[in-house]
Each structure stands twice: as C-alpha cells, then as structure tokens.
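Asks: Residues per chain, in single letters:
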Amino acid sequence: MGSRASTLLREEEIEEIKKETGFSHSQITRLYSRFTSLDKGENGTLSREDFQRIPELAINPLGDRIINAFFPDGEDQVNFRGFMRTLAHFRPVEDNEKNKNLSNTEPLNSRTNKLHFAFQLYDLDRDDKISRDELLQVLRMMVGVNISDEQLGSIADRTIQEADTNGDGCISFTEFIKVLEKVDVEQKMSIRFLH
Amino acid sequence: MDLSSRRGVDLFVIFCVFLSLLYGSRAEVPSRPTASVTILPPIKPDNGPQPYPEEEKSNLPVFTMNYSRIQIPFEITLWMLLASFAKIGFHVYPKITFWVPESCLLVSIGLIVGGIMYSVHEKPPAVLTSNVFFLYMLPPIVLDSGYFMPTRPFFENVGTVLWFAVVGTLWNSIGIGMSLFAICQIEAFGVQDINLQENLLFATIISAVDPVAVLSVFEDVSVNEQLYIVVFGECLFNDAVTVVLYSMFSFVTEMPVVEPVDVFLGVARFLVVGLGGMGFGVLFGFVAAFTTRFTSKVREIEPLFIFMYSYLAYLVAELFAISSIMAIVCCALTMKYYVEENVSQRSCTTIRHVVKMLGAISETLIFFFLGVVTITTEHEWNWGYILFTLLFAFIWRGLGILVLTQIINPFRTIPFNTKDQFGMAYGGLRGAISFALAFTLPDNIGRKHLFVTATIVIILFTVFLQGISIRPLIEFINVRRTNRKTDTINIEIHTRLMEHTMAGIEDLCGQWSHYYWKDKFMKFNNRILRRILLRDNRAESSIVALYKKLELQNAIEILDTASGDISAAPSIISLQEEKKNSTKPKKKFLAADLKNMHDILSKNMYKIRERTVSYTSKHALPNDNQRREILIRRHSSIRRSLRPGSFQTRQIVPKSQKYFSLPPGESLNSRFPPTRQSSADAQETMSEVAYPGRRSRFGNRSSSGAMMPLHRLGTLKEVSSVDFLNESERGSTGRGSQSRPQSLRHHLSADDNNGLVDEMRIRQVEEEEEEEERPQASQPPAWAAEPRDETPQNPLLRRPQWNEKK
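Sequences listed follow chains X and D, in order.
Numbering-wise (our numbering), the first sequence opens with residue 1 and increments by one.
Numbering-wise (our numbering), the second sequence opens with residue 1 and increments by one.
It is worth saying that the hints were derived from the structure and are not from the lab.
If you're wondering where the values come from, they're calculated on a predicted model, not measured in any experiment.
Just so you know, not all the hints are guaranteed correct.
Said to hold, decoys possible - Not close to chain X: a few residues of chain D, all C-beta gaps over 12 Å, as computed:
| id | residue |
| --- | --- |
| 1 | VAL132 |
| 2 | ARG447 |
| 3 | THR501 |
| 4 | LEU601 |
Stated by the list, open to error - Per the computed footprint, the stretches of chain X lying under chain D, defined by three or more beta-carbons under 8 Å from a beta-carbon of chain D, are:
| id | stretch |
| --- | --- |
| 5 | 51 to 65 |
| 6 | 130 to 143 |
| 7 | 146 to 154 |
| 8 | 158 to 167 |
| 9 | 175 to 185 |
Heads up, the beta-carbon is just placed ideally off N, CA and C, and yes, glycines get one too.
With these hints in hand, go ahead and build the complete structure from the sequences.
Replies: Shown next, in the form of structure tokens:
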C-alpha cells in the first residue's frame with residue numbers, strides 16, 4: 001500500500017502541495033497513503049461516504065460538519081489537493097515561516113484562516129454570519145439530551161449578545177475573531193502531523 | 001434525604017457487624033465433632049425424654065442442624081455478601097466515592113471487620129492459601145482487565161506499555177532489592193539475616209503496581225488517552241512480570257549459591273514464560289473463536305465457552321509453569337474480537353456482565369481480606385526496614401518513570417510531558433497482587449512476617465494516601481492552565497467546538513500510525529482468520545458495529561424517557577417560525593443566569609472522544625450514552641430530512657434547517673452513485689480490531705428471527721429505529737420481491753437473537769442483494785432511508801426504501 005501510493009503521487013505534485021500548504025515531503029506522502037486507504041472507490045477522490053466510514057467521525061458530534069468542510073460548495077468529491085488544502089489549516093503555526101515567498105497570500109494555517117474554518121462550521125449558508133438558528137443547531141449537536149430548548153435558546157441568545165457589536169442579531173466573522181481574541185487558537189486548532 | 005441516608009448507613013453498619021458476629025460465632029462450630037449426622041443444639045430441648053449418652057435416640061428429630069456440611073460454601077457466600085454490602089454502602093454518600101477510592105473504603109471496612117473478629121478471638125477464614133488465591137481469585141480479575149482492554153489504543157502503544165511494564169518492574173525490583181540489601185547491612189536495624197535473594201524477592205512483591213484507583217481519577221479528569229492506556233496496560237502486564245519474577249526469585253532463594261549461568265537461565269526462563277504465556281493464550285483464543293462458530297444452536301451456553309476456555313488457558317499455563325496471566329489476557333484479547341461476532345447479542349451482553357461481575361467480586365474480596373488480615377495476622381514490626389521500604393519504593397518508582405520516559409520518548413509519536421510522568425509515578429499504588437504474593441510467601445523464609453507487615457504497610461500507605469490525594473493533585477496541575485472565571489459563554493462554546501473539530505480531524509488523519517503492520521495484519525485476518533473462525537464472514541461495517549455496541553434498543557428507551565424532544569428538527573422548525581418575528585427585545589442576563597449557563601454547558605456538553613473513557617472505568621461497564629445520543633440524533637435527522645414533507649417544502653424551508661448531516665438542496669439520489677465495493681477493502685480504514693463488525697449475509701443467519709417480532713412492538717415511534725425497521729420491512733414485503741418474504745418467514749422460528757443491530761445488518765444485506773437488481777428509484781416515501789449498495793456500511797446515509805416501479 002505504501003509503495004503503490006508513492007508511485008501515484010508525482011514529485012511535481014508533492015512540490016506544489018508543499019508550496020501551497022507548507023507540509024513536509026514525508027507528511028504529504030503519509031497523508032497520501034491515508035487518503036488512498038480512505039478512498040474505497042479508488043478513483044483518486046473521496047466522497048462523503050468515504051469520510052463517513054470513519055467510525056470516530058460518526059460519533060463525533062460535529063462529524064458531519066467536519067466532513068462537509070472538506071467539500072467546497074456543491075461538490076461531491078474532493079481530490080488530494082483539496083484534502084491537503086483543508087488539512088493545511090491545522091498545521092501548527094511556526095515562528096519561522098520558511099515559505100516567505102507566499103507572503104502576499106496568507107498561509108493556510110494562519111490564525112485568521114483557522115478561525116475562518118471554525119466559523120464555517122457554524123455558518124452553513126455561507127452568508128458570513130452566524131445566525132441564531134445556526135448557532136442553535138451547533139449547540140444542539142454538542143449538548144446532551146438533558147437540556148431543554150428554552151435553556152439552549154437562552155444560551156444562544158447570551159452568546160449572540162456577548163459577541164454582537166453591531167446589533168444585527170448575528171455574529172459576523174469580525175465579531176467572531178474579536179470574541180476569541182484571548183483564546184490561543186493557534187495551539188487549539190493545530191495538530192502535530194506525523195512525519 | 002440526609003437523615004434517611006444516614007440512617008441507612010447506620011443500619012447497614014449494624015447489619016455488617018451482625019453478619020460478622022454471626023460469622024464469628026459460627027466459626028466455632030467446626031470444632032465440634034462432626035461424626036453424627038444430626039447435631040442437636042444444646043438450647044433446644046429434646047423432643048423425647050433425655051437419653052443416656054450411650055443410647056441411640058429412636059425418635060425422629062424434628063429440628064436438626066448440620067452446619068459442617070454447608071460450612072465452606074456458607075462461609076464463602078457470607079463473605080462475598082458482606083463485601084458486596086460494603087460496596088453498596090459506599091454509594092450512600094456519593095461524595096465519599098468521589099474523594100476516596102473504592103479500594104480504600106473496602107480496606108477500611110475490612111479493618112473494621114478484622115477488628116471485630118480479633119476482639120472475639122477468631123481467625124480469618126483460611127482462604128488466603130496460595131492455591132485459592134492463584135487459582136480462584138486472580139483469574140477473574142485478570143480476565144476482566146484483559147477483556148475490557150481497548151485493543152486499538154493498546155496495540156498502538158504496545159511498545160511503550162511493554163517497556164514500562166517489563167523494564168520498569170525489573171528496574172523497581174532490582175533497585176529496591178539492592179537498596180534494601182544495603183540497608184540490611186547496617187547493624188542498627190537488626191535485619192542482617194535477610195540475604196540478597198530474599199530482599200529481591202520482597203522487592204518484587206512490592207513493585208507490582210495496581211493503579212486501579214488512579215484509573216478512575218484519570219478518567220474523571222480526562223487525561224489524555226496516551227497516558228491512560230499506558231497506565232492501564234502497565235498495570236496489566238506488570239502483574240505478569242511480577243509473578244514471573246516472583247517465581248524466579250523464590251526459586252533462587254532456595255538455592256544456596258547463585259552462579260552467573262543462573263542469571264542467563266533466568267533471562268531465558270523469563271522469555272519462555274512470557275512468550276509461552278502469550279502463545280498459549282492466543283492458541284486458546286483461536287480455539288474458542290472456532291468453537292463459537294458452531295454454537296448457533298446452543299445459544300444458552302455460549303458464554304460458558306468463553307469462561308471455560310480462558311480459565312483453561314490459565315490452568316494449562318499454570319501446569320507448565322509459564323505466565324498464566326499473560327495467557328489469560330492474550331486469550332481474552334484474541335477471543336473477544338472473533339467471539340463477539342459469532343455469538344448472539346444476548347450472549348455478548350451476558351459475557352460482559354459476568355466478566356465484570358466476577359472481576360469486581362474478586363477484587364472486592366481481596367481488598368476486604370486485606371483489611372481483615374491486617375488486624376488478625378501476626379506482625380513483626382521493624383521501624384527501619386519498613387520505613388526504608390516505603391522510601392525506596394517511592395524513590396525508585398519516580399526515578400524509574402523519569403529515566404524510562406526519557407529513553408522511550410523519542411520513539412513515541414506523542415511524547416510524555418512532565419505532568420504525564422508525574423501522573424504515572426504518583427499513580428503507582430500497590431494493591432491486590434502484592435498482598436497476595438506476600439501472603440503466600442513460603443514459610444521457610446525466616447522473616448516472612450516482617451515482609452508481610454511491610455507489604456501491608458506499603459499497600460495501606462499508597463492506597464490511602466496516594467489514592468485520596470491524587471485527585472486534588474491532578475486537578476491542581478491541570479486547572480492551572482484554564483482560568484474559568486473570565487471565560488465568556490462564547491469562549492466556552494467555541495473552544496469546545498474547536499476541540500471536537502480537532503478530535504475529528506485527528507481521527508480523520510489517522511494520527512496513530514503503524515499502518516503498515518496493521519494493514520498487513522488486517523489482510524491476513526481477512527483472508528485467512530476470519531474465514532476459519534467466523535460463522536458468517538462478510539465485510540465488516542464499523543458503523544453497524546457501532547450500533548451493535550450501542551445496543552440501540554436501550555437507545556430507544558433514552559428517546560422515550562428523555563425529557564423534551566431530543567430530535568432537534570422539530571424545535572428548529574418552530575424556531576424557524578420564530579425567526580420570522582425575531583425582533584425580540586434584548587434579554588437581560590443576570591449573573592445568576594450566566595452562572596447557570598456555564599454550569600449547564602460544562603456539565604452537558606459532550607466530552608471529547610468519550611470512547612476512551614467509556615472503556616476505562618474498571619468497575620463499570622462501558623458507558624455509551626454519549627455515543628448513542630449522537631448517533632440517534634444523526635439518524636433521526638437523516639430520516640427527517642428524507643421525509644416527503646421536507647422535500648416538498650424544500651424551497652420554503654431555509655437551507656440551514658434542512659441541513660443536519662447533509663448539505664442543503666440535493667436529494668440523496670445524486671449523492672450516491674451506485675458503485676459496488678469489494679467487501680474485503682471495506683474495512684481498512686476502520687478500527688476493525690476495536691469494532692467487530694456486522695455480518696451481512698442474509699441466507700444462513702439464524703438470528704434474524706426477531707425481525708418479525710418487531711412488528712408486534714406496536715407503537716411506531718417517530719424517531720425510533722424500531723419504527724425504521726418496521727417500515728423498511730413493510731417496504732420490503734411491499735416490494736414484491738419473492739425471496740424476501742419467504743426467507744423472512746423462514747426465519748421466524750429461529751432463535752432468540754433480537755439485537756436490533758442484526759436487523760440493521762439484515763436490512764443492509766437485503767439492500768445489497770437488491771441493489772444489483774434494481775435501478776434507482778425516484779420518490780422517497782415517508783420512512784427512513786435504507787442502505788445503499790456502495791455504502792452498505794453506513795446506515796445513516798441509506799437511501800430511502802421506496803416503492804419504485806410506480
């Protein structure tokens with residue numbers, strides 16, 4: 001499996017992914033073998049069912065949303081580039097960014113982009129605002145059965161109240177960033193990718 | 001509530017005292033002559049005239065008592081009951097069990113009972129012979145640990161676990177032994193007669209750690225999974241190592257002189273013992289799995305095979321004097337995976353319950369006896385020796401963890417930080433094994449009583465002091481990082497969202513590697529092992545396996561009893577209407593409200609990756625509530641999204657409502673192009689080892705009989721899976737497929753297996769077999785999705801079962 005994987009991934013592709021995402025060579029190869037092992041149809045792309053087959057995602061309260069985040073709007077399949085692009089959000093932030101040649105575009109794993117990823121887990125209709133219902137949906141997913149709807153509603157109201165500065169009853173992305181300014185997002189939303 | 005519980009406790013204590021007194025008085029009885037069949041109690045007057053002692057009584061005695069006949073089973077039962085009552089009693093005050101680990105409480109009760117017995121000059125029952133302990137009391141505990149070991153995390157960390165267990169125990173024993181020997185040379189303590197071998201033997205005994213109490217603390221404080229599994233595994237395996245070392249050293253103490261060749265032989269013996277134990281265990285595991293392949297007709301005794309085979313593995317290992325603990329653990333590990341696929345749902349539950357029960361009772365009894373024996377045994381106290389033993393035990397454990405971690409950290413994907421190391425070192429409580437080994441020391445060791453006393457002191461010290469203090473310490477260390485006071489609700493919610501996301505991404509990436517070997521093993525497993533050992537060898541589905549594990553029948557009860565409606569879709573609908581007139585005045589939130597909210601959130605938000613926690617409480621069966629809830633919710637949301645109502649009002653209902661698990665807009669049809677999957681590959685990404693999967697072949701499954709009875713369950717609950725199955729079944733019969741109804745009826749008379757999961761499996765198989773014949777259909781009816789072909793594994797995304805051809 002390992003050998004087959006590396007022959008299918010060309011060096012140029014690896015280089016491109018490296019430049020775009022900042023992963024190292026070995027990380028990319030490793031993630032590629034993971035990609036292929038998930039890809040049951042063996043057609044080089046992953047569909048939602050491939051993701052759903054991962055059992056831990058099934059019991060993750062936000063499993064479906066996470067899966068959905070891999071698929072850009074409306075598409076059903078994600079190829080390896082897209083897969084890596086999404087995963088790149090979770091790369092730890094290094095102090096010395098080697099790829100300074102990308103300094104005009106923000107690296108995928110910057111704080112803002114990480115926050116944007118989290119924001120989009122709430123914001124399904126992509127209107128750049130978290131409405132009360134979207135918030136309620138996510139809350140409901142994260143919370144056990146013992147909470148009544150009224151309680152959840154008050155919590156949602158309070159959340160919006162705390163964050164909403166322009167009074168539109170929704171949380172915009174800037175408000176979201178502001179509310180989380182004290183949180184160490186870089187550390188919370190990073191995982192150590194194995195070499 | 002307080003008053004009644006206190007009274008309950010008093011009553012309970014009185015009852016315990018009474019029981020022990022009763023026991024105490026009974027224990028005198030065996031000294032009476034037991035030759036006669038009937039023993040006339042001195043209190044009761046005879047029915048006839050008092051005969052001379054030599055004459056035989058001719059009348060029929062109306063009341064006789066024959067205690068000696070039942071003595072042994074009776075006493076055993078009484079002791080077990082007493083210990084179990086103690087366990088009940090602890091939970092009268094939940095706060096007690098929170099702060100004080102259960103082992104402490106058991107030992108305390110044991111001390112009390114021991115004190116009572118001592119005061120009436122009774123001796124404790126002679127159960128603590130070597131044979132009784134090693135043949136009867138130890139196997140259930142080890143079987144319990146082995147059976148409920150989470151296999152996947154374990155195998156991912158097997159190197160670390162073995163490293164700590166084997167090398168760590170060796171380090172501890174030799175270190176403590178040597179230092180104690182050095183101490184013995186000091187004349188002031190008066191223990192010069194203890195030679196090196198005896199010291200080493202003693203050191204081996206006290207280096208067996210038993211962090212049972214610590215595990216529950218770790219679980220509550222949710223330490224990371226790695227630490228958890230390493231501590232758990234170390235606990236398990238160092239029992240084996242200790243016993244091996246013990247037998248080695250006790251053999252060595254017999255010998256007057258130790259030569260270097262003996263050391264080599266010792267190492268060789270160690271390898272033989274360890275690997276031989278594993279080999280035997282795996283062998284018996286396979287035999288057990290093979291046997292269960294044929295037990296479909298004798299479901300009632302299926303659990304028996306599990307127990308008999310594991311016990312047999314233990315005994316055979318004892319026969320050859322190889323590590324029986326390793327044997328039984330490996331047997332349980334091997335067996336579990338295959339057996340849980342072969343046996344019925346009920347047998348599976350029975351096995352788990354009985355394993356837990358036996359393990360719990362053994363452990364309880366041992367700690368209880370520890371307390372009793374402490375008071376009633378002969379002690380020999382030696383300040384110097386004992387205090388230094390305590391000191392060295394601590395020092396060497398701490399040093400050992402430190403050094404070993406430094407060495408192994410580079411090889412680990414997630415290295416241990418200092419907090420983890422502290423947790424591991426401080427969690428080194430001693431327990432049952434040390435006690436038993438000390439008690440069963442051969443009598444020819446001169447200072448046996450000293451050793452017993454020292455062991456008991458160490459156990460009591462670690463269990464009480466460390467056990468009680470570890471929780472506050474761990475919380476103290478952890479709490480430093482987060483400062484709850486200044487968290488807003490936003491931060492709490494969003495950080496939890498992030499944590500769940502990260503857990504999901506990590507799982508998605510499959511962070512824990514060793515993929516190559518795992519893939520190889522899984523291929524071997526699929527091609528050869530599963531064919532031989534499983535009754536129905538089909539592709540596994542971990543999602544269905546999850547359902548199986550979660551026992552959806554219970555989950556339906558949750559739905560019934562949950563206050564309020566947990567399927568959020570209706571509430572979202574109502575919110576939708578609210579949204580239209582959502583110009584509510586801004587609510588004012590008081591500080592009390594805020595505090596409530598924080599409390600609610602912290603208590604009710606799902607923990608991250610509960611799967612670890614669910615395995616690890618040693619005294620409880622795995623708790624799957626969170627998983628159930630999540631899965632049911634997803635399930636019901638999918639179903640809801642497929643209802644015709646939702647389709648029709650698709651334009652009206654805003655997208656955010658419709659999407660629960662699916663992106664807005666599209667129907668399921670377009671999502672799932674029918675591609676057939678090879679069943680062999682279907683499981684590579686799943687944690688197959690941990691989740692034995694489904695059997696999907698419909699033909700020769702005899703356990704599908706319960707499908708029919710589901711109809712009789714009557715009330716079609718909106719969100720219940722029973723509903724789903726009923727409808728789908730009706731759908732199936734309505735489909736007019738000839739084979740289906742016949743085979744359904746054919747299996748009506750089959751046996752009792754009624755796991756809902758089996759139904760799901762059958763569902764999927766039906767779909768699988770059907771899909772080949774049918775083209776896609778268009779209109780989804782009101783009921784739930786049915787599995788599609790290329791996603792046979794995921795019931796959550798099944799296509800609706802519709803009456804096509806319309």
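Asks: Within the assertion that chain D covers the stretch 130 to 143 of chain X, do at least three residues meet a Cβ-to-Cβ distance smaller than 8 Å?
Replies: holds (count 12)
Asks: Is the claim that THR501(D) lies outside the interface with chain X correct, judged by CB distances over 12 Å?
Replies: 6 Å, violated
Asks: Three residues or more, CB to CB closer than 8 Å: is that satisfied between the stretch 175 to 185 of chain X and chain D?
Replies: holds (count 6)
Asks: Examine the stretch 51 to 65 of chain X: at least three residues should have C-beta closer than 8 Å to a C-beta of chain D.
Replies: holds (count 14)
Asks: Report holds if the minimum CB distance from LEU601(D) to chain X is greater than 12 Å, and violated otherwise.
Replies: 7 Å, violated
Asks: VAL132(D) clear of chain X by more than 12 Å, beta carbon to beta carbon?
Replies: Holds, since 43 Å exceeds 12 Å.
Asks: Counting residues of the stretch 146 to 154 of chain X with a beta carbon closer than 8 Å to any beta carbon of chain D, are there 3 or more?
Replies: holds (count 7)
Asks: Within the assertion that chain D covers the stretch 158 to 167 of chain X, do at least three residues meet a Cβ-to-Cβ distance smaller than 8 Å?
Replies: Result for this restraint: holds, n = 5.
Asks: Just checking, ARG447(D) versus chain X, shortest CB gap more than 12 Å?
Replies: ARG447(D) clear of chain X: closest Cβ-Cβ about 52 Å, beyond 12 Å.
Hints 3 and 4 from the list above are not met by this structure, while the remaining hints are.
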